[in-house]
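Peer 1: Since chain Y is already given, all that's left is putting chain W on it; use the hints.
Each chain is listed here by its residues.
2 protein chains.
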Amino acid sequence: MEVELITIGDEIITGHTIDTNAAYMATRLVDNGFVVRYRTSVGDNAEDMEEAFRQALKRVDIVLTTGGLGPTDDDITKRSIVKVFKRNLIFHEDVLEDIRARYARRGIEMPAINQNQALLPQGATFFPNANGSAVGICIAEQGRIFISLPGVPFEMRQILDDHVIPYLRGVGDRHALKVIKVRTTGIIESKIAEIIVGELKLEPGVRLAYLPGYRGVDLRVIASGETQDEADEKARGLVRFLEEKVGDYVYGYDEDTLDEVVGQLLKDNDRTLSVAESCTAGLLGAAITSVHGASVYFKGGVLAYANDVKIRQLGVPADIIEQHGAVSEECAIAMAAGCRERFETDYALSITGIAGPDGGTDEKPVGTVWIGLATAREQRARCLHLGGLRDAIRKRSVFGALEMLRREILDIS
Amino acid sequence: MEVELITIGDEIITGHTIDTNAAYMATRLVDNGFVVRYRTSVGDNAEDMEEAFRQALKRVDIVLTTGGLGPTDDDITKRSIVKVFKRNLIFHEDVLEDIRARYARRGIEMPAINQNQALLPQGATFFPNANGSAVGICIAEQGRIFISLPGVPFEMRQILDDHVIPYLRGVGDRHALKVIKVRTTGIIESKIAEIIVGELKLEPGVRLAYLPGYRGVDLRVIASGETQDEADEKARGLVRFLEEKVGDYVYGYDEDTLDEVVGQLLKDNDRTLSVAESCTAGLLGAAITSVHGASVYFKGGVLAYANDVKIRQLGVPADIIEQHGAVSEECAIAMAAGCRERFETDYALSITGIAGPDGGTDEKPVGTVWIGLATAREQRARCLHLGGLRDAIRKRSVFGALEMLRREILDIS
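These protein sequence lines map, in sequence, to chains Y and W.
Letter by letter, the first sequence follows residues 0 to 412 in numbering that gives the first Met the number 0.
Letter by letter, the second sequence follows residues 0 to 412 in numbering that gives the first Met the number 0.
Hint data in this document are derived by calculation from the structure and do not stem from the laboratory.
Glycine included, C-beta positions come from ideal geometry on N, C-alpha and C.
Certain hints may be false.
[As the list claims (entries may be wrong)] Here are the simulated distance ranges between beta carbons:
1) Y:E254 x W:D253: 32 to 42 angstroms
2) W:R235 x Y:A45: 45 to 55 angstroms
3) Y:G122 x W:Y213: 51 to 61 angstroms
4) W:I107 x Y:H323: 25 to 35 angstroms
5) W:K266 x Y:K190: 40 to 50 angstroms
6) Y:N268 x W:Y213: 32 to 42 angstroms
7) W:L201 x Y:L388: 51 to 61 angstroms
8) W:Y213 x Y:E242: 34 to 44 angstroms
9) Y:N268 x W:R168: 51 to 61 angstroms
10) Y:P356 x W:E343: 24 to 34 angstroms
11) W:I411 x Y:D357: 31 to 41 angstroms
[To be verified] Listed next, the in silico EDC-like pairs over lysine to aspartate or glutamate satisfying Cα-Cα at most 20 angstroms (straight line):
12) W:K77 x Y:E188
13) W:K190 x Y:E188
14) W:K57 x Y:E46
15) W:K190 x Y:E108
One chain only, chain Y, in its complex shape (with noise of 0.2 angstroms):
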């Protein structure tokens, strides 16, 4: 079945806010074999909301907006859809009822603006909300199916994930799809396919997609078939091929990140970790940990960012700083050796590097960054050239430090 995305609010189509929720609502119905046609936004505006609505029931079998269903007057999407199917709002004191049991579990008063939501288009059903007060609506007729979701984002997922992925799942007929992301890094996006270009023939229903990103290059593979089993088997024939060729750049699959990856190498060898970072401040740290789990290899770290704090917390000596500046081989060395000294750990990471807008130099130019491994071993550093603005630099040294400890850990050179 055919779906349409709809995300509406002056937010969205002013672009103050990111449109995060059509992504997760297309993640998840393509995952469960849906077919996402069009996306579409439109603001806080009944005109142009109403032809959306129309134009989306006349192309797709179902359609999902998300936004403008909150109590206050900015939010007009019930009125547009009672407008687009001709029926009243209805009032539904269960929901009320709902509402006012949720503030009372958070010893706040309900604010009598909330009686708005329970007002519902006749003849809609609708979806409950954990988080918040505004419910999903569903309105099916005539094999469309038409389901209206509040916008703030852990609202809308909880229905979606709890609700109705389930409904749609019951409903209808789905595709056979297969999907598998193969994760490369260290390599460009013209080379891969330079690499593959000529003896790559893709099978009827198979595509190969390049996704460049400061991460690396991901390599989307998408397969259909009449059965599910027919999907699998295509979509694993072009990922075997895509090994082949590219194997040694490639780290994970589908949503591993670098983090997990990393995570679970040092899991599974019961080796530890601390870091080290300059001008990443504390980046490192807060990815590796945003991995569930990670106190089981991650013990801390420092953030070195003022030069006394390399030398006194780190015990960088002071001569290192001096003769060859805090972003060095020589500092990026005995940060990460200090490190796993002090924190007792079988690997250490640093970063120093230079983030920008300024401090760059015609030797070390913005995006100059050093990154040290403390292992058992040997204490070592290499130097990472990288490009583009202050965030996409300190996004970059994470993922280049990540990558220099996974292949430490598995004896790649």
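Peer 2: Frame of chain Y; chain W shown alone:
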């Protein structure tokens, strides 16, 4: 002039990539007085793409697309453009020379596949790409402007900012528009509505939107007018009204972030800061140093993920952890105090909490987070009870810590 944004790519339509490009383009266009009327996304599929181009050319003045300009086979935007506009692709020697020179500077031989990048639709002009091989394409005819940019975000942004916006500003009549975002924290959306609703009178052409997020509720004011002065005055009028009603909760405006606001307060008061992070493990340090120039007031900190790091690197008495646990008022205070002493800063913030998904108890459920603050005068901590998943709890903890420091510096109780 009205604009439609079309973002292209299977990765967008399937949700594997979040569509940050559309948000960026929309913001820049709106801030420059253009009206973004529609946003559409389609996959790497010629039929849907051509349909989207044709429909957009019918309903707006300016069509701006991103994506599908890469050198590989899945990039078919140019083919769809020439089909819709009924023209040929012409080879541009100068474009190819530029690309070759770029590779040469990086010491890489240009893969032959990049020859494709020098093919442009007949009659199109191009905008140079400072960071990649895909130039921006512009076709202007019969009062309609069609612009196609690459999908790699930092390439798109550079071309948009350096070339497209200046070009569009020179071309047509723009709407006089003023957008002001008033950023609040510590008060929920429906409470704000209840406070202001009795006296709120919106002038014609003025709109107010509530944008709730994990940081708080942003109030976005949009005013349009015949002249810029009129739009500005209308917007400022509503902002004054909001400040009167809920000013205690306002921490900033527009793109002000709490990181920046707190950083500026530290700078203005000539104060320094260090941090001791347990469950956030670097997120707070990373947030503070996301602001360029943070080295003036931020010295560094300790990632005290493991308890023995809290004891040894911050001097938290082992007794405290034994008696009260690591997530406790006592531990948060000891972490902040130890950090302040060791890093010799005016302020130290600490965070220790249970980010989940497990580790919670009846007494201290997931989302229990203690924030500690040490100053020259005192040491204290407050407890937050945060909702959401691991990632949201960690981010909200950072926000809570920064807000505690903001209130301390400004002496708000």
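Peer 1: List, from low to high, the hint numbers that the structure doesn't satisfy.
Peer 2: 2, 3, 7 and 13
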